Amino acid sequence: EDQVTQSPEALRLQEGESSSLNCSYTVSGLRGLFWYRQDPGKGPEFLFTLYSAGEEKEKERLKATLTKKESFLHITAPKPEDSATYLCAVDNAGNNRKLIWGLGTSLAVNP
Amino acid sequence: NAGVTQTPKFQVLKTGQSMTLQCAQDMNHNSMYWYRQDPGMGLRLIYYSASEGTTDKGEVPNGYNVSRLNKREFSLRLESAAPSQTSVYFCASLIRGQETQYFGPGTRLLVL
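If you read the sequences in order, they're chains A and B.
Each residue of the first sequence is one higher than the one before, starting from 3 at the first, in the numbering used here.
Each residue of the second sequence is one higher than the one before, starting from 55 at the first, in the numbering used here.
Excised from the complex, chain A in its bound form (with noise of 0.2 Å):
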């Protein structure tokens, strides 16, 4: 069965603490893997699409990475406005553009 599984489910960093969002996936054919980021009350936020293993792509303080098996979204030197919900989705080659989604890590950057 196609499932994308993104771990911690919570995560709590202090500003300037540097860590990895994971997003593990098992489909038959992968087309894409996708990050966004969602803020409370609004509607997801592309950030990042990577199509093979080995591909790497950045944003100012992310930087996200994929295998044959997961996706890694690094954060360095996070600050209080990266607190987000971070969604992780995959596009199942042949599934007519449905995106398989995770249920996504909250990110709480403190000060």
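Derived from the structure by calculation, the hints contain no laboratory data.
Do not rely on the hints blindly, as some may be mistaken.
[Claimed, not checked] Result set (DSS-like, lysine-lysine): computed pairs, CA atoms no more than 30 Å apart in a straight line:
#1 B:Lys111 with A:Lys71
#2 A:Lys59 with B:Lys63
#3 A:Lys44 with B:Lys111
#4 B:Lys125 with A:Lys100
#5 A:Lys59 with A:Lys100
#6 A:Lys44 with A:Lys59
#7 A:Lys44 with B:Lys63
#8 A:Lys100 with A:Lys70
#9 B:Lys111 with A:Lys100
#10 A:Lys100 with A:Lys44
#11 B:Lys63 with A:Lys100
#12 A:Lys70 with A:Lys59
#13 A:Lys44 with B:Lys68
#14 A:Lys59 with A:Lys81
#15 A:Lys44 with A:Lys65
[What the hints assert, rightly or not] Residues of chain B placed beyond 12 Å of chain A at every Cβ, according to the derived structure:
#16 Gln65
#17 Ala78
#18 Gln91
#19 Ser129
#20 Arg131
#21 Leu148
All values derive from a computational prediction rather than experimental measurement.
The beta-carbon is built from N, C-alpha and C at its ideal position, and this holds for glycine as well.
Please arrange chain B on chain A, whose structure you already have, making use of the hints.
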């Protein structure tokens, strides 16, 4: 560009009432989606429209109907609302040839 817009932002219904959630996008996207988001359940696809004139069921279509009015607009209708339909509803769109779905701000629905 406004991106993806949704109306209303918040709605309270009584069991059995009907309503239509509106979604519009100004990005000339081909495909549009309706999701619901519930605590502990994540985002679940209700219906999607791969192109104007076509609609298909997603993971949780029961109790909902959709209309792809034109390329810009995709509406979601609850014919007889039930408390189990209390949720946050998101509309999303994407352009053929790309893979990224862009989301609206959501509609928060409470069914009493």
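Here is what the structure says about each hint:
no. : hint                   : verdict
1   : B:Lys111 with A:Lys71  : holds (29 Å)
2   : A:Lys59 with B:Lys63   : violated (33 Å)
3   : A:Lys44 with B:Lys111  : holds (25 Å)
4   : B:Lys125 with A:Lys100 : holds (19 Å)
5   : A:Lys59 with A:Lys100  : holds (23 Å)
6   : A:Lys44 with A:Lys59   : holds (24 Å)
7   : A:Lys44 with B:Lys63   : holds (10 Å)
8   : A:Lys100 with A:Lys70  : holds (20 Å)
9   : B:Lys111 with A:Lys100 : holds (11 Å)
10  : A:Lys100 with A:Lys44  : holds (21 Å)
11  : B:Lys63 with A:Lys100  : holds (25 Å)
12  : A:Lys70 with A:Lys59   : holds (16 Å)
13  : A:Lys44 with B:Lys68   : holds (25 Å)
14  : A:Lys59 with A:Lys81   : holds (19 Å)
15  : A:Lys44 with A:Lys65   : holds (23 Å)
16  : Gln65                  : holds (15 Å)
17  : Ala78                  : holds (14 Å)
18  : Gln91                  : violated (9 Å)
19  : Ser129                 : holds (17 Å)
20  : Arg131                 : holds (20 Å)
21  : Leu148                 : violated (7 Å)
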